[in-house]
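Chains as they are written, first to last, in our numbering: chain Z, 1 to 510; chain F, 511 to 814; chain H, 815 to 1119; chain X, 1120 to 1661.
Just so you know, the hints here were simulated from the structure itself, not pulled from any lab data. Mixed in with the good hints, there may be bad ones.
[Stated by the list, open to error] With a straight-line cut-off of 16 Å between C-alpha atoms, the simulated EDC-like cross-links for lysine to aspartate or glutamate are: (1) K1563/X - D1468/X; (2) K1077/H - D253/Z; (3) K400/Z - D567/F; (4) K848/H - D638/F; (5) K594/F - D178/Z; (6) K400/Z - E558/F; (7) K380/Z - E877/H; (8) K1261/X - E1301/X; (9) K1153/X - E1122/X; (10) K380/Z - D879/H; (11) K677/F - D198/Z; (12) K1261/X - D1312/X; (13) K460/Z - E332/Z; (14) K432/Z - E558/F.
[Said to hold, decoys possible] Across the chosen pairs, the derived CB separations fall in these ranges: (15) I729/F - P262/Z: 54 to 64 Å; (16) G945/H - Y564/F: 46 to 56 Å; (17) M1034/H - Q559/F: 51 to 61 Å; (18) P739/F - L1197/X: 49 to 59 Å; (19) P739/F - K222/Z: 52 to 62 Å; (20) F944/H - E1316/X: 43 to 53 Å; (21) P595/F - D334/Z: 50 to 60 Å; (22) Y564/F - D1460/X: 54 to 64 Å; (23) S1163/X - I729/F: 50 to 60 Å; (24) R1509/X - M1034/H: 15 to 25 Å; (25) F944/H - S1545/X: 31 to 41 Å; (26) Y564/F - K432/Z: 31 to 41 Å.
These figures come from a predicted structure and were not determined experimentally. Ideal Cβ positions, reconstructed from N, Cα and C, are used throughout, including at glycine.
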Amino acid sequence: MNRFIKYASGVALAALMVAPTVALADKANDTLVAAFSRELTNLDYNYGTKTEYIILGDLVDDSLFYVDPKTLAYVPSLAADFTIVNDTTVDVNLRQDVTFHSGAAMTADDVIYTFNFILTDDQNSRHAKIADWLDGIEKTGEFSVRFNLKAPYANLFNDLYRVRIRKDGIMGTAGNYDSNAQATTIDGLGPYKVTSFDPGVEVVLERHEGYFGGAKGTPPIKNMVIRSIPDIGTQQAELMSGGIQWMYNVKKDVGDAMARSPKVNYQLGESLRIGFLILDAGGYSGDHPLTDVRVRRAMNHAINRSSIATNLIGGPAKAVHTACNPVVFGCEQDVAIYEYDPEKAKALLAEAGYADGFDLDLWSYRDKQAAQALADDLSKVGIRVNLKHGKLAGLNKARKAREIQAYFGTWGSTASPDTATIANIHWRDPAKGDRNLSGNPKVNELMLGGEKTLDVAERKRLYSEGLKLIADQAYWVPLWTYSEGVLSSDDIVYNQDPDGYPRLWNIKWK
Amino acid sequence: MFRFIMSRLLVVVAVALALSVVAFFLLNLAVDPAQAIAGEEADLLEIEQIRQRYGFDRPLITRYFEWFSGVLHGDFGVSYYWNKPVGELLLERLPETITLALMSLSVTILVAIPLGCAAALNPNTFIDRMALGVAVSAQAIPNFWLGLMLIILLAVIYPIFPVSGDKTLYHFVLPAIVLGASSVPPVMRLMRTGLLEVMNADYIRTARSKGYYGWRLLIRHSLRNALLPVVSVLAVQLGHKFGGSVITESVFAINGLGRLALESILGADIPTVQILVFVFAFTFLALNLLADILNAYLDPRLRT
Amino acid sequence: MQFLQNLVSFGKIKKDLRDMTPVEVMLRKARLHKGFKFGAGLLLIIAFLGVFGPMILGLSPYEQDLTQRLLPPVWIEGGVWDHWLGTDGNGRDYLARILFGARISIIIGVGAACVGMLIGVTLGVIAGFFGGWVDQVVNFILTCQLALPGLLLAMTIVFLVGPSIFVVIMVIGALHWTLFLVVARSATKRIRSLDYVTAAEAIGASKLQIMLTDILPNLMNQIVVIFTLEVGVAILSEASLSFLGVGIQPPTPSWGLLIAEGKDALFYQPWLIILPGIALFLLVVSINMMGDGIRDITDPESTVE
Amino acid sequence: MTEPLLKISNLAVSFKTHYGQVEVVRDINLTVNKGETLGIVGESGSGKTMSMLAMARLLPPLAYISAGSIQLDGTDLLALNTAKFHQQISGKKIAMIFQEPMTALNPVYTIGRQLTETVMFHEKVSHATAVERAIDMLEAVKMPQPEQRMGQYPHQMSGGQRQRVMIAMALMNSPDLLIADEPTTALDVTVQDEIIELLIDLQKRFGMAMIFISHDLGVVSRISDRIIVMQKGDIVETGNTADVLTKPQHPYTKGLLECLWKLEEPRQIEKPDNMPPVISVKGIKKSYTLSGGLMRKATIIEAVKTTSFEVLAGETLAIVGESGSGKSTMAKIINGLIPADQGQVLYGDVDVTSLTDKQRARIVQPIFQDPYSTLNPNHTIGYIVSRPLRIHDIVPAAEIKQKTLDVMAQAGLTEEFYHRFPNQLSGGQRQRVAIARAIILEPKILICDEPTSALDVSIQEQILDLLCQLQKDLNMTLIIISHDMAVVGYLSDRVFVMLNGEIVERGKAEQVLKSPRTDYSKKLMASVYNVPKPQSEAGAPL
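Only chain Z is shown next, with the shape it has when bound in the complex (with noise of 0.2 Å):
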C-alpha cells in the first residue's frame, strides 16, 4: 500500500511538473482560435447535416455556388458563369483556375463524379434531395457540365451549393463507395487545408495558398484552429483567457456582459433563423383544443412577440407574423397579423367554449428562456402550459409518435435567402415529414409547389397564397426573428453578415 501512495503521489507531481503548454493563439504567430459547441466528428459535409458542418465545410471546400452575403443572393463560386437552357436544363461552366488542396487542377471530370457519387450513393446526406430533382449530369466539355432536371425546382443553386466538390474517383466507384475516404483528411477545394484532425476535439487549419480567391476572397489568416468546447461557460473563460478569440451562438445577456470587457467585442446582428409554435391544427395527436382554429388564433394573440424579441433576443430581433423570415424569397408580409391582445385571445377562447382555459403540453428543446417567456404569455390567458422542456431526441420520437400537440421550434435556413428551404421541411405531405401538422392537402401543394417553378412571378405567387392561408388559418404562431451574437477578441476584425451565418475566412487581424 505504501507504495502504491507513492505511486499515486508520483502521477499528481509529476501531473504539476509537466509545463503548461497551452496552444499559443495570437497575432504573433498568425494562428486564429475559434470554439464552437458542438463536436465535430467527421470532415465531410456531403456526410453531415449540422450548421458546424456548413461553416467548416465553407472553409475547406467549395461549390459552384455560393450565396453573397450583401445581397443574399446565388453567385458563381467554383462556376464561372450559367445558363438556365429551359426548366430543366442548366449549364455550368467551370473556373479553370482551381486547384485543389493536393495540387490537381479541378476539371469538369471532378465535377461530374461529384454528382454522380452523391446520385448513386444513398449513404450521403446530399442524397435524398439532390435526387429528387436530378436526372443527370453529363460533360460538356473539359470546364463546361450540363444538369438535366426531372422537374423545375427553384431552389436548384442552394442545394447545388451544399454538394462539396470532390476529386474524381476519392470516394470510391459506383457501389465500391467509402463513407469515410474523407472523414478524417480530406483533399477540398476551399480557402483552407486540414493539417490535422482530431474527431469531436478540434480540426486544425491552414491557408491554401493556391486558392482561387473567388467569391470568397482570399482569406487574411495563414492559420486556424476550430475546438469543441461543449460548455458555453467554458467558452467565455477561454476567450477571457486568451485560449480562443472567437465565439458564436452567444445570447444577449451573455454578450452584453462580456463586452463590458475591453479585451471583446460583441456583435448582435441579423440572421435567417426564426422562432415558431407548430400547432397540432390536423389533430394528429387527438382531439384536442387545438384543433379549433379560434384557438389558434387566440394563442397568436396572447403572446407578446415584440416584449420578448427586445427583451430577451434583443439586437435586430423583431416579431414576425409568417411562416419565414421576412427578408428571404417569397415570404410575403400581406397577411393576417394577429397584434398582441391578450383580451382578445380570452375572448377568442371563450367563444371556442375555453372561457376556463385548458391544458396544453408544450414542447421545446431549444431557447429556454423564450419558451418560458412565451408560456407565460398563454397562460396569462387561461391556457395551462405544461412545459416539456428537453433534448432534441425526446422531441423527435414524440414527434414522430404524433403525440405532439404543439411544439416551440425555431430554424435557421443557414445561408439560404429563399422561403423553399423552410417550406421544404416544415410542410411536407405529413406521409413524408411529420412536421406538416396542418392537416389542411392545400398548404402542401401551394408551399412546396413554390420550389417546382422557375418562374420567379408564380413562385411568389404561391408562397403568398401559401403564407397567407397558413396565417389566416394560424397553424403556427410565427414568433420573431433570432439575432445572431458573436463574441470576438479585441485583436481580430470580424463583422458579421446580414444572415448571421459565420463566413471565419474573412476574419484579419487588427
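Once you've looked at the hints, dock chains F, H and X against the given chain Z.
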C-alpha cells in the same frame, strides 16, 4: 485462488450480459436511431429508408443477438453518430478518462487518507472537526458547481490553470480536483472510523503494552489494518470515476469516455452507448476484483 | 463499549440512564449533540422558508417581467429593494425562485430517498432473512446496479418516459437503493442471528411477523441514517440531472436548473449560480449533519459529549 | 525482600463524562514483591482491570488517574513522560497478557515479526539475535515446532497457541513484572489448565513478579501467593491465599466463596426413574458448509454426528461440552428451530417437523445465553412477555395483562417492570424476562442454552434457583446446555458430555461428575477449580 478468480469472472460476465440486455432494450425504446442517423432535416420517408437499410425494423431480440454475436467476434459495431467503429472510438477516448480517473484518485488519496488519519488520531478535537467539516462540505457541493467555481477562481481571476482541454497533464489538474473531491468524504470517513476502530483494537493495546506509541504505532501496527476496507472503497470510487465523469468531462471539455457517453445518448448513438455501458460495468467489476486480490495480499486471513 | 457498561454500574449515571426509555435516551443524546442541533435547526429554517417564505414575502417564483431582467442583488450596484436577490433571465424574482426551489429539492430528496428505501430495505431484509439463493439473487441485482453508470441510465429513462417531477423522483430513487440494501441486509443478518429473533421463532411467530416486529424496527436506526444521507445524494442527483437538462422542467425552479440557467452568465452574473449553489450546499450540509447526528444518537455504543 | 517491586498507593481512576467525573477505582493500595504472585479477584466492573491498565498507561481515552502514586523498583511511574515511559517501562519492565488471545495479536503480521520487533526496538539487537530469542521463548512456552511458527499468522493458530504466543511475547524482554489479565477466561476449560501450569512454571523459571487478574476465585487461588478482592472499585479484602479462603473477612468474599461451595454440591432430589420419554432423538445429524474465502476451499463442519437419545419427563438433562462441541446446534435441533440433515426428533410420538410453529411453541421453549440479545430492545417488558399470548390467542385480550403480570411475578419481576425497556434492566433481570416469556405458554420442555454463563457469579445462583423452582412448580422437563461443570452439578439429574459433535459420555449426574469414565470427561472435571470448603467450618454460618 484460480477457482475464486474464475467464479468471480463468471459473475462479471453475467452482470455485463444482464446490463447489456437492459441497456439495449431501454435505449432502443428511449431513442430512435433511424431518426438520429437521418438528422434533423430528414423526412419520414428518408427515416423509413434508413430504418430498413440498417435493419431497425426487425425485432429487438434479433438485433440484440446480432449485436451480441458481433461483440463475441470482436466487432463492436459502427457508431451512427461518429461514423466510425466503436472500438476505435473507445481507444481514442480511453487515455483521457484513465488519466483523469487516476489523477482524481490521487487527489482523493492525498487528501482523504492523511485527513482521515489526523482525525482518527485526534478524535473530538479541532483537527477532527475540521476534517469532518471538509467531508460534510465536499459531500454537499455539486461537482458541476465546484468545477465552475474553480474555473472562475483558478483559471480566470488567477490564471494558474488552463480553463479547459486535455492537451497536457496540466489541463487535468482542475478536473481531477473536482472529481477527486467527490470521493474524499467516503474515503476520509472510512479511514477515520477504520483507524479509530483499529486504535481501539486489542492488538493495539498489546502493541502499546510492548512500548509502541505515536507515529511508530500508527505505521507499524495500525495503518495496514485500517487501510483494508479503504482499498475496497477506493476501487468502487475509481470505478465511479470511470463511469461518472460525465459532468466533469463536459464542463472541462475533456474528450473522455464520460463525454462520449453523454454525446452518444443525446445523439441516440446506440452502438456506442451500448458498448460504453458494457465497458463501465466491466471496469467497475474488474476493479472490485482487483481490490479483493489486493486485500488478500494485505490481509493474510483472506489468503488461507 | 465495555467502559460505558462499566460506567453504568457506578454512581449517578446508573440512575439517569436506567430511568429512561430508549426514546428518552435518544432525545437526551440529541439535546447534547451540537452537530445534530445545528443540522436539524438549519433544515427546519430552510423548510420553513421554502414552504412559507414566498407566501410571507408575497413573491411569486413564476411571475415574469421581461423589462426587469437580470437585476443584481440589492448589495450590488443596480440592485433594487423590490427584488432582494435580483431577478433571473426571465425577470422573475430570484429570492422567490430560490425559496421555492427548497420545496422542490426537499420533495425530490425525500421522495427519491423513500423510493430507494422501499426498494433497498425490502430487498435487503428479504435477502438477509432468507439467505441462501435468495441472497445470491439479490446480490446479483445489487452488483448489476452498482456496475451500472447511473447518470446515463437516468438520462435514458427520462428520455423514455418524458420529464416530470414524478419521473425524476422515481428514477433517482430507483438508482439509489444500494446503500439501503447493503445496510439492511447486513443488519438483518446480524439481527437474524440474535437470540430474540430465535425466541420469536420459538414462540411461534410467523416469518412476516418476525420481519415486521423484530427486524424492521431494529433496522430503523441505521436506515434513518442512510435515509438522510440519501436525501442529500438525491438532491444533488436532481441538481445534476437538471444541470444536464434532463431533470426538472422549467419554469419549476429547481436549484440545479437555476445553476444550469445561470451557467452561461458565469462571469458577469455569478450570483445566479453562487446563490443557488450556496442554498444547495446549506440544505445538503444540514441534512448530512443531521444524518451524522442521528447516527451518533441512535448508536447504542456512542457517547455524546 | 525488604523493598517491594511495585508499590501502589491511594490510586484512583476516573472517567470524564458529561455528568462530570466518575471515580471507577479508588484508594487502591497494594504491593508486589519480587518473584511473588498477587491475585486480584472481582466481578466485571469491579475495577480490577482498570487499575492495572492505569499502571501500564493503557487506559481508554476518557479515563485518567485522578490520585495516587505508583512506584516500580524505586521509579515513580507517574512522573515519567510518555516517551520515557514507553521506552523504559512498557514491555521492558512491565509486560501484559490479555484476556482475548483471538484479538490481541495483530492479524496482518507474522508471529515472528510481532515477537521480534520489540526486542529489536528496545534493545537494539540484530534481527538474527531477536529471531533466536523468539524461538527460545516459543520453546519456553511449549509451542510445538517453534521455527515454523515464526512465519505463521495468528489466525492459523488455536486460541491456546495464541495465548502461548502472547506469553512468549511478554517474556521477550525479561520483564520484572507480568500482568496477566484474565488470561484463561476465553479459553476452553481443558486449555485453561495448561496455560495456568505454564504460567506457574515460567514465573518460577524467570523469577519475575506476577499479578494475576480473574473473576474466578478458584483459578486465582490456585496460582497466587496473596489475594486481593475488589468490589465496585474498592479493595474489600486482602491477605494470603490460605487466609482469604479460610477466613474471609468481608461479606462479599464470603458470598463468593459460598457460591463456589454451593455449586459443588450436587442437588439431591429424588425422582422416579421410569418416566416416559418426552423427547426421543433418533439418529440426528447436522453439518454446515463454511464458504471459502478468497483462496480457501469451502469446508464442511460436522456440528452434530449421528446421535440418538431420549429425554425423560420431568428430568433435568445437562449437555456439557466446550465451545464448538455442537451442543448449541443440538439444542436448536431439539427445539425444532433448525432441521436436522438426517434422523428425527419426536415429541412424545410426534415428529417435530410435522408440527406447525405454533404447535411446537406450546410444547418446547428455549432460554438463551446472552441476556443482552435475548430481548428486542424496542419493546417493553410487558409486550415481550405477553407477545406469545397475542400470537397464540389463547387468553382473552382483556386478561392478557393480568396473566402477564402473574407470570412475571413467578419469574421474580414486579409490576413496575411492565412498562420498562430492556436497556433499563440488569443482566439478571433480563434473563428473568426471558424466562417469563418462555413459560407463559406453559411449555412441557424448557431448553436452556448456557442460561447463566454471561452473568456474574452472584446472579448465576439466583437464576439457577429460579429455574429449579419453576421446573418443580410447572412440572417441566429441563434441558440445560453448558460448558460449566458447576452449573451442571448444581442442577441436573443426568449429564451428557459432548465432544466434536458426539456424546462421549452419558450417565447420572453424580456418576459423571464424581467418577467420569472417559478421558475427556476426566480432563473436563479436573479443570474445574473449586475451592474446597474448609472442613472445620463446614455448615457453620459465615
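Starting from the hint 31 to 41 Å, judge whether the C-beta atoms of F944/H and S1545/X obey it. holds (35 Å)
Within 16 Å, alpha carbon to alpha carbon, are K400/Z and E558/F? Cα-Cα ~11 Å, so holds.
Between the alpha carbons of K1153/X and E1122/X, is the straight-line distance 16 Å or under? Answer holds: K1153/X to E1122/X is near 9 Å, not above 16 Å.
Next pair to validate is K1563/X with D1468/X; report whether the Cα-Cα distance is within 16 Å. holds (14 Å)
Holds or violated: K1077/H with D253/Z, Cα cutoff 16 Å? Measuring from Cα to Cα gives roughly 12 Å; hence the hint holds.
Is the distance from the Cβ of Y564/F to the Cβ of D1460/X consistent with 54 to 64 Å? Check passed, 59 Å falls within 54 to 64 Å.
Just to be sure I understand the hint, the distance between the Cβ atoms of P595/F and D334/Z should be within 50 to 60 Å; is that true here? holds (55 Å)
Between K400/Z and D567/F, is the straight-line Cα distance small enough, at 16 Å or below? holds (15 Å)
CA of K848/H to CA of D638/F, is that 16 Å or under? Answer holds: K848/H to D638/F is near 14 Å, not above 16 Å.
Does the hinted range 54 to 64 Å hold for I729/F and P262/Z at CB? At 57 Å between Cβs, range holds.
Range hint 31 to 41 Å (beta carbons of Y564/F and K432/Z) holds or violated: Because 19 Å falls outside the window, the suggested range is violated.
Quickly compare the C-alpha distance for K1261/X and E1301/X to 16 Å and report which way the hint goes. This hinted pair is violated, its Cα atoms lying about 20 Å apart.
In terms of the numbered hints stated before, the structure departs from hints 8, 18, 23, 26, listed from lowest to highest.
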